[in-house]
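Undergrad: Going line by line, the protein sequences match chains A and B. Each residue of the first sequence is one higher than the last, beginning at 6 in my numbering. Each residue of the second sequence is one higher than the last, beginning at 2 in my numbering.
Honestly, the hints are just simulated from the structure, not real lab data. The model shown is predicted, which means the values in this text are computed figures rather than measured ones. Incorrect hints may appear among the rest.
Stated by the list, open to error - Quick look at which bits of chain A chain B covers, simulated, 3 or more residues with Cβ under 8 Å:
| hint | region |
| --- | --- |
| 1 | 52–64 |
| 2 | 110–118 |
Unchecked claim - In silico negatives: residues of chain B with every beta carbon more than 10 Å from chain A:
| hint | residue |
| --- | --- |
| 3 | VAL14 |
| 4 | GLU21 |
| 5 | GLN46 |
| 6 | LEU47 |
| 7 | ASP86 |
From the three backbone atoms N, C-alpha and C, an ideal C-beta is built for every residue, glycine too.
So you can see what is in the structure, the chains are spelled out below.
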Amino acid sequence: DSGVTQTPKHLITATGQRVTLRCSPRSGDLSVYWYQQSLDQGLQFLIQYYNGEERAKGNILERFSAQQFPDLHSELNLSSLELGDSALYFCASSPRLAGESEQYFGPGTRLTVT
Amino acid sequence: AQSVTQLDSQVPVFEEAPVELRCNYSSSVSVYLFWYVQYPNQGLQLLLKYLSGSTLVKGINGFEAEFNKSQTSFHLRKPSVHISDTAEYFCAVTPRGNQFYFGTGTSLTVIP
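For reference, chain A alone in the conformation it holds in the complex (with noise of 0.2 Å):
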């Protein structure tokens, strides 16, 4: 158990409908990463935020967003979905801002789009 929870699981819905995922970092964890990984894309970095400010962004598309609250925890709204959406989404965290600190990955949430 990495300490890093996600919610939910599993996600079933249709095309063009909105969800939001939900993550909560390791106690004491500021960073909190963003990941896609689809069988044809890989692992595939989404955005960074620390102490609730964005700081890093990867190949996140225009329809999805996040944030990180206060109490540190984060959502990625992922909006007019589509069938290619379909994916694992990982959300990690780590202690720091700079690279060094490994990041602590979450079970995921598996995104179905119908």
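The hints should help you fit chain B onto chain A, whose structure is shown.
TA: For chain B alone, kept in the frame of chain A given last:
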């Protein structure tokens, strides 16, 4: 720009045999290097990391990796694999900054 190449997408190996999973990276700046393992239906878990110092890094579960700066490689090795090592392995680099770059993964299958 940074990139990570895992040269083998699938590696089958017999139980108790040695294994090497290859990882090459490209970067114009110094990087930190990581290997993660993902067991079925689970998140990623850190195996080992290289930040500085000795180029031979030992991790959990008997794995080790060697950083080779001239060849920009960070290959993962284990002298004797077990059935429980069957999993997906990811190499990752970060240019000492915020963003992590992951390879596409190597699926290790240990054959009894």
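Undergrad: Each hint needs a verdict: does it hold in this structure or not?
TA: Tested hints:
Interface restraint, the region 52–64 of chain A with chain B: holds (5 residues with C-beta to C-beta distance below 8 Å; minimum three). Counting residues of the region 110–118 of chain A whose CB lies closer than 8 Å to any CB of chain B gives 4, which reaches the minimum of 3, so the coverage claim holds. Separation of B:VAL14 from chain A is adequate, the least Cβ-Cβ distance of about 22 Å exceeding the 10 Å criterion. No Cβ of chain A approaches the Cβ of B:GLU21 within 10 Å, the least distance being about 21 Å, so the stated non-interface status holds.
Interface exclusion of B:GLN46 from chain A breaks down, the closest Cβ pair being 7 Å apart, not more than 10 Å. Remark: the non-interface label on B:LEU47 conflicts with the geometry, its nearest Cβ contact in chain A lying 5 Å away (cut-off 10 Å). With 10 Å as the threshold on Cβ separation, the claim that B:ASP86 sits away from chain A holds: the shortest Cβ distance comes to roughly 19 Å.
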